[in-house]
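Participant: Construct all of the structure, not just a fragment, from the sequences and the given hints.
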Amino acid sequence: MSRGLSTRGTVQILAGVLLQVQDGHLELAATDMELSLRAKLDGNVEGEGSAVVPGRLLTEIVRLLPEEQVVLEHRVEESTVYVTSGSSESRLRTYAVEDFPRLPDPATSALSTLEAEPLLDTISRVSRAASRDESRPVLTGILVRFEGSSLVMAATDSYRMAVKETSVGGSPPDLDAIVPARALDELRRIAAGAGEIQLGTLDNHVIFGVGDTWLTTRRIDGQFPNYRQLLPEAFEHEVKLPRDEFLDVIRRAAVMAQRSTPLRLRFAEGELTVSAQTQDIGEAREQMPIGFSGEPLEIGFNPVWLRDGIESVVEDELTLKLINALRPAVIAETSGDFWYLIMPIRLAG
Amino acid sequence: MRLIVARCEVSYTGRLTAFLPASTRLLLLKSDGSVLVHADAGGYKPLNWMTPPTVIEEADGSIVVRKRSGKTEDRLEIRLHEVLSDVAHEMGEAAGLEKDGVERHLQEELAARPEALVEGLRLVRREWPTDVGPVDLMCRDADDGWVAVEIKRVATIDAVEQLSRYLERIQLDPALATCRGILAAEQLKPQAVTLAEGRGIECVEVDLAVLREEREPELTLFSLAR
Numbered sequence: 001m002s003r004g005l006s007t008r009g010t011v012q013i014l015a016g017v018l019l020q021v022q023d024g025h026l027e028l029a030a031t032d033m034e035l036s037l038r039a040k041l042d043g044n045v046e047g048e049g050s051a052v053v054p055g056r057l058l059t060e061i062v063r064l065l066p067e068e069q070v071v072l073e074h075r076v077e078e079s080t081v082y083v084t085s086g087s088s089e090s091r092l093r094t095y096a097v098e099d100f101p102r103l104p105d106p107a108t109s110a111l112s113t114l115e116a117e118p119l120l121d122t123i124s125r126v127s128r129a130a131s132r133d134e135s136r137p138v139l140t141g142i143l144v145r146f147e148g149s150s151l152v153m154a155a156t157d158s159y160r161m162a163v164k165e166t167s168v169g170g171s172p173p174d175l176d177a178i179v180p181a182r183a184l185d186e187l188r189r190i191a192a193g194a195g196e197i198q199l200g201t202l203d204n205h206v207i208f209g210v211g212d213t214w215l216t217t218r219r220i221d222g223q224f225p226n227y228r229q230l231l232p233e234a235f236e237h238e239v240k241l242p243r244d245e246f247l248d249v250i251r252r253a254a255v256m257a258q259r260s261t262p263l264r265l266r267f268a269e270g271e272l273t274v275s276a277q278t279q280d281i282g283e284a285r286e287q288m289p290i291g292f293s294g295e296p297l298e299i300g301f302n303p304v305w306l307r308d309g310i311e312s313v314v315e316d317e318l319t320l321k322l323i324n325a326l327r328p329a330v331i332a333e334t335s336g337d338f339w340y341l342i343m344p345i346r347l348a349g
Numbered sequence: 001m002r003l004i005v006a007r008c009e010v011s012y013t014g015r016l017t018a019f020l021p022a023s024t025r026l027l028l029l030k031s032d033g034s035v036l037v038h039a040d041a042g043g044y045k046p047l048n049w050m051t052p053p054t055v056i057e058e059a060d061g062s063i064v065v066r067k068r069s070g071k072t073e074d075r076l077e078i079r080l081h082e083v084l085s086d087v088a089h090e091m092g093e094a095a096g097l098e099k100d101g102v103e104r105h106l107q108e109e110l111a112a113r114p115e116a117l118v119e120g121l122r123l124v125r126r127e128w129p130t131d132v133g134p135v136d137l138m139c140r141d142a143d144d145g146w147v148a149v150e151i152k153r154v155a156t157i158d159a160v161e162q163l164s165r166y167l168e169r170i171q172l173d174p175a176l177a178t179c180r181g182i183l184a185a186e187q188l189k190p191q192a193v194t195l196a197e198g199r200g201i202e203c204v205e206v207d208l209a210v211l212r213e214e215r216e217p218e219l220t221l222f223s224l225a226r
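If you're matching them up, the sequences are chains A and B in order.
Residue numbers for the first sequence, in the numbering used here: 1 to 349.
Residue numbers for the second sequence, in the numbering used here: 1 to 226.
These are computed hints drawn from the structure, not numbers from a lab.
One or more hints might be untrue.
[Claimed, not checked] Residues on chain B that point at chain A, a partial pick, calculated with CB under 7 angstroms:
id, residue
1, V87
2, E216
3, T220
4, F222
Every residue gets a Cβ at the ideal spot worked out from N, C-alpha and C, and that includes glycine.
Facilitator: This is the structure in structure tokens:
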């Protein structure tokens with residue numbers, strides 16, 4: 001629940017967790033106005049009512065409770081919630097409950113039920129390509145689009161782009177939205193191990209349900225780059241590489257690619273040489289045999305972006321598709337439903 | 001500006017009371033009425049200070065600085081035990097603080113190459129005057145449309161407001177009624193981008209080193225024009 005709390009201290013109520021007792025259940029809710037979380041808890045509940053308490057403090061208190069059972073008691077006249085467990089008692093002053101924002105109600109949305117695994121797998125394959133730069137909001141999101149029985153997700157920070165198409169069963173919802181990558185990463189955490197996820201839309205929000213836990217996120221307005229147009233139609237070289245071995249070589253060489261220096265990949269007849277050099281620090285160089293023929297090609301990549309792309313591949317073998325040292329390269333799988341485009345970095349000298 | 005180095009004690013009464021026992025200190029009395037008491041330690045911050053407007057009364061062996069603060073009065077009383085130095089300098093007209101030259105350099109580079117902002121853009125005039133201040137560049141686009149460009153190192157909401165004000169005045173002229181705005185900056189704050197988009201102002205991120213051709217632009221999958 002604490003992931004839904006606002007970390008910006010400007011609006012106090014958004015740093016609070018709403019505790020609401022209704023129909024014999026305790027429901028917790030938190031929101032930062034972009035992402036909202038609400039969850040029902042089982043327990044012995046008496047009375048009805050609601051209170052908002054400081055979320056971080058409640059989280060800390062609960063984390064350190066001495067016993068498995070905890071009693072929450074709201075004393076309205078004192079504007080205080082008592083948290084008691086064993087001999088430990090904490091008192092939290094409450095915020096004004098009427099200030100807590102009204103959250104989208106999943107009951108008012110038409111929901112579709114999806115298998116959790118393909119949805120979560122698709123998120124995990126693309127989310128790291130999303131931008132963290134808040135000045136370009138569209139790029140901080142993941143394009144989520146259902147096309148027939150297929151789910152397409154795409155994410156890009158303009159330097160790399162990951163696209164995954166996944167076949168989904170059931171009756172997929174009519175959804176074509178840019179969803180904050182942060183919210184989808186949170187969904188992966190909440191829904192880990194779950195069998196099904198409910199998905200719906202409400203006004204400008206997308207709603208995900210996992211059992212009694214609901215995650216609501218705001219859609220990002222804007223135009224997502226046309227990922228199909230960005231995929232080059234033809235390549236000069238297609239090199240098949242063993243995923244794990246290639247990843248290990250990249251990781252080792254990347255240790256010496258400090259201070260934003262690129263990794264150098266030199267493709268020559270039957271051999272790939274990966275090297276990195278940082279002035280005043282040192283250098284690394286490693287070869288691996290590959291099936292490459294033709295004129296040698298040297299290309300530079302950001303080591304983190306390249307590593308992310310390789311790690312996003314789940315098959316034992318990947319194909320690295322190259323045009324030249326200044327055009328995008330593609331990391332692809334044999335299955336043909338995953339692409340990771342990556343722009344090179346200009347190499348000096 | 002009057003600079004006094006003196007062995008003195010200082011007492012302040014007002015929102016609180018404070019007393020500095022006798023020691024050697026630097027007293028700065030500025031022509032705008034500011035009075036600052038500095039020690040030779042403690043960083044840039046004065047031990048005591050009074051902001052203008054103030055009334056400064058000097059009597060034998062003491063300087064009293066008074067300032068009205070609502071219904072009460074703030075009072076700084078400096079008792080001079082020994083004056084070691086007392087000099088006054090005519091400082092002339094104040095020059096504004098120039099934080100860095102980036103904005104000026106960006107304006108120079110973009111004036112020379114406005115097409116770096118938008119293809120086909122050409123310069124009409126730098127510092128185009130309006131009655132609320134000059135806009136950095138006035139240009140015309142490929143279709144001969146007027147484009148006002150405001151340049152910042154870091155573009156904030158204030159920059160959007162500033163360009164909006166210029167546009168409002170510029171568009172009063174029927175010949176320039178369709179003038180649009182571009183906010184160009186090395187760094188654009190997300191709130192500024194949102195506000196600018198809402199007002200139909202285009203935001204363009206620029207890199208001084210790239211404009212100067214000191215560095216090649218980074219390779220990207222697609223154009224980052226907003």
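Participant: Determine which of the earlier numbered hints do not hold for this structure and return their numbers in increasing order.
Facilitator: Of the numbered hints, just 1 does not hold.
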